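*Asks:* Quick mapping for you: the protein sequence lines, in order, are chains C and L. The first sequence: position 187 = 187 (our numbering), numbered continuously. The second sequence: position 50 = 50 (our numbering), numbered continuously.
Worth flagging that the hints you see were computed from the coordinates, not collected in a lab. Keep in mind that a hint or two might mislead.
Calculated pairs, SDA-like style, for lysine to any residue (alpha carbon to alpha carbon, straight line, at most 20 Å) [as the list claims (entries may be wrong)]:
id : chain 1 : residue 1 : chain 2 : residue 2
1  : L       : K178      : C       : F80
2  : C       : K178      : L       : D129
3  : L       : K178      : C       : R142
4  : L       : K178      : C       : A132
Facing chain L, from chain C, some residues (calculated, C-beta under 8 Å) [as the list claims (entries may be wrong)]:
id : residue
5  : R40
6  : L162
7  : I177
8  : E180
9  : M187
Keep in mind that this is a model prediction, so the values were computed, not measured. Ideal Cβ placement from N, Cα and C applies to all residues, glycine included.
Residue strings, one per chain:
Number of protein chains: 2
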Amino acid sequence: MSAEGTAGRRGRGRPLGARAGTVETRERILAAARQEFSARGYDKTSIRSIAKSADVDPALVHHYFGAKEQVFAASIELSFEPAFGVPDVLAAGADGVGERLARFFIEIWENPVTRAPMLAIVRSAVTNDTAASVLRGIVLRRLLERVASELKVPDPRLRAELAGAQMMGIAIMRYVIKIEPLASADMEDVVALVAPTLQRYLTDPGPVEE
Amino acid sequence: MSAEGTAGRRGRGRPLGARAGTVETRERILAAARQEFSARGYDKTSIRSIAKSADVDPALVHHYFGAKEQVFAASIELSFEPAFGVPDVLAAGADGVGERLARFFIEIWENPVTRAPMLAIVRSAVTNDTAASVLRGIVLRRLLERVASELKVPDPRLRAELAGAQMMGIAIMRYVIKIEPLASADMEDVVALVAPTLQRYLTDPGPVEE
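The following block holds chain C by itself, in its conformation from the complex (with noise of 0.2 Å):
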């Protein structure tokens, strides 16, 4: 949105090689960002760092994105791409969908390129009340509604967080403190035995009785 704004504005009257530059520039900085964040953390990442990282004054940072929170959110709407496949593995129906989703997040984190993002993104929010309430209003509004309209479970959004909140444990545990056996266990072991507690909350109506 901010992207086409920018590109209409500097393009105005030139050649469309030039909107496309502007496009490219922005993607530029914005891979900068999330490289940043990745690497350092919301607090020790600044503008200028990014500007830096990405070859382009500091004022061309601030100029696409706005303060260093709304470089942060952009970056983490980003990085949190892969999580937004969610609404799809439950649309694809309630049998066995215990399983898909746990697999689903499992081959998120197993892949390097998509798990590092996610877990600075973690990390960033867990440290930083900023980086926190951006999280929040991003698996909010992108996430956690479309969720709990897929499912047909009382308190559904609720549901939805602990199933996310086992998921987050388990990629905090591997991966960041990584705490044996679990750091090293076989993931399709740990699918097994985590599949039936996601498919009892996002399925099963009863709250207690099991």
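Keeping the supplied structure of chain C fixed, place chain L upon it in accordance with the hints.
*Replies:* Frame of chain C; chain L shown alone:
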């Protein structure tokens, strides 16, 4: 252990009051360390800042505990103490253990006095490798071994970790990132939803069937 050792060394040939004094100083340093690590995280805490907060010379902090890593380890042992009650919860029997365990954790978190240092540990471990390594050692040595010996299921340590991951994920989402509806949920509702998850991990021998 280190307290007795140090008190013994310093108190040799002195009246009992002097020993009590050194134990008291050590405890004051430890309380200050815990406070500093909670408030500022591992990275931003230094031997100097702990000493200042305890109103002692930095050399004394080093004398009692060693390097920052060791001060942190001692501080974690102390902060983590509430969690060391888990084996007792399990030892009380398989019947209803999921609900007892969920309530046990939630009572630790709902009390700000025990919650703050527990969350500080998680924050530090998620952002700093040394802190992660210290936490890893304590969880393995002080908790997971003892928990596993209480369980009569295959892969007891892996299952105990998955239960722990569920509860840690809930703590992070509820108290740190504060994502609704979990952030304001009635904890009895959460206990009711989570209890069957813990119960299954800790007592149900079947890995997939449910």
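*Asks:* All the hints need checking, so say for each whether the structure fits it.
*Replies:* Each hint, compared with the structure:
Of the pairs offered as hints, the one joining K178 of chain L and F80 of chain C holds, with about 18 Å between alpha carbons and a cut-off of 20 Å not exceeded. Taking the CA atoms of K178 of chain C and D129 of chain L, the gap is near 10 Å; set against the 20 Å cutoff, the hint holds. With a CA separation close to 16 Å, the supplied pair K178 of chain L and R142 of chain C stays within the 20 Å bound. Distance check on the hinted pair: K178 of chain L and A132 of chain C sit about 8 Å apart at the alpha-carbon level, within 20 Å; holds.
Hint status for R40 of chain C: violated, given a least beta-carbon distance of 11 Å to chain L, over 8 Å. At its closest, the beta carbon of L162 of chain C sits 6 Å from a beta carbon of chain L; the interface hint therefore holds under the 8 Å criterion. With a cut of 8 Å, the hint placing I177 of chain C at the interface with chain L holds, because the nearest CB-to-CB distance is about 5 Å. Nearest Cβ of chain L to the Cβ of E180 of chain C: about 7 Å, under the 8 Å cut. The hint holds.
A cut of 8 Å between beta carbons decides the hint on M187 of chain C: the least distance to chain L is about 12 Å, and the hint is violated.
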